[in-house]
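Using this note's numbering, you'd call the opening residue of the sequence shown number 1 and step up by one each time.
Everything labelled a hint here was simulated from the structure, so no lab data went into it. Mixed in with the good hints there might be a few duds.
Claimed, not checked - Taking CB as the label site, the calculated pair distances span: (1) R46 <-> R315: 37 to 45 Å; (2) T113 <-> F93: 22 to 30 Å; (3) H176 <-> I31: 44 to 52 Å; (4) R56 <-> Y183: 38 to 46 Å; (5) K48 <-> E318: 21 to 29 Å.
Ideal Cβ positions, reconstructed from N, Cα and C, are used throughout, including at glycine.
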Amino acid sequence: MSESPSVKHAVKNQFDAPEKELPLPEGPDVITRNAIALNSLNPDPRSKLIFDNLIRHLHEFVRETQLTTDEWMTAIQFLTATGQTCTPIRQEFILLSDVLGVSALVDALNNPTVGNSTQSTVLGPFFTEDAADLTSGDSIASEGKGSYLYVTGRVVDTAGRPIPNATIETWETDDHGFYDTQYADRDHPDCRGRLKSDVNGAYAFRAVVPVAYPIPGDGPVGQLLEKMHRHNMRPAHLHMMVEAEGFQKLITSFYPEGDKWIASDAVFGVKKSLVVKLRTVDDENEARSKGFAKGSTFKLLEQDIVLASPEETQRARESLSKA
Numbered sequence: 001m002s003e004s005p006s007v008k009h010a011v012k013n014q015f016d017a018p019e020k021e022l023p024l025p026e027g028p029d030v031i032t033r034n035a036i037a038l039n040s041l042n043p044d045p046r047s048k049l050i051f052d053n054l055i056r057h058l059h060e061f062v063r064e065t066q067l068t069t070d071e072w073m074t075a076i077q078f079l080t081a082t083g084q085t086c087t088p089i090r091q092e093f094i095l096l097s098d099v100l101g102v103s104a105l106v107d108a109l110n111n112p113t114v115g116n117s118t119q120s121t122v123l124g125p126f127f128t129e130d131a132a133d134l135t136s137g138d139s140i141a142s143e144g145k146g147s148y149l150y151v152t153g154r155v156v157d158t159a160g161r162p163i164p165n166a167t168i169e170t171w172e173t174d175d176h177g178f179y180d181t182q183y184a185d186r187d188h189p190d191c192r193g194r195l196k197s198d199v200n201g202a203y204a205f206r207a208v209v210p211v212a213y214p215i216p217g218d219g220p221v222g223q224l225l226e227k228m229h230r231h232n233m234r235p236a237h238l239h240m241m242v243e244a245e246g247f248q249k250l251i252t253s254f255y256p257e258g259d260k261w262i263a264s265d266a267v268f269g270v271k272k273s274l275v276v277k278l279r280t281v282d283d284e285n286e287a288r289s290k291g292f293a294k295g296s297t298f299k300l301l302e303q304d305i306v307l308a309s310p311e312e313t314q315r316a317r318e319s320l321s322k323a
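Let's have the full structure, built from the sequences with the hints guiding it.
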């Protein structure tokens, strides 16, 4: 009897049954032991460690909570919906990782503070690869996107020596609290840009004063926060990602002081050293010299960025793991 052409075959993979026969899973403990035993076939030590711990902790979570079949199915449906919400410019899984504090935890463990180096924080789900290349003093934002902000400083190493030719990616919301990717009619990048530090490590660009905003609430993650009775607000911030040859890549953000959401950031991204002061400049000549088209007032952020070397970062990680 021939099979229907609409049936898609499942094909056996390359692996055979394990040589050692496992006990049939008559009870909960046997299920966990068998899952870990099968993972012992994994030839990669790091992968084996990760999945051993994942299986053990996930199974223990099920036991501790006495998870019901309906609750587990709800979780599966939630994760399915999270994946279905993702698009090339929207990453709902990163958002889920963020609101559970996992992104911040992974970042803290992998990027410990090295001396006076600029602290890192979460990437967030709104970074894109298509930012325009700018020269020093250019604007990352088109006119009318918000109150003027001028950002300037130097990229240096932990000894204060300048780092020339560092690549600086920066992105932020407009004054409505939306990233460009959240607009359905987006046809080019806005409120984001890419520039280089000069021979003295100096950089400068025009932007807009960031505002607090809600993370997307129209998807599964927004529903989860509602269920947990948690707000979905992020304090105002300006994202920056800095890379230079011979230095540890830095992903960070700067948070203007005084924002009511700083202490309860929905994605746990704020660190004390990243809270910054914006200075008000009210001088029309100065505004024009900086390239601002209208008015006399702008905010100024003077912020040096200190990069650590990979060796310094590795030593800090090792110290952290021994603590």
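Q) Of the hints stated earlier, which fail here? A) 1
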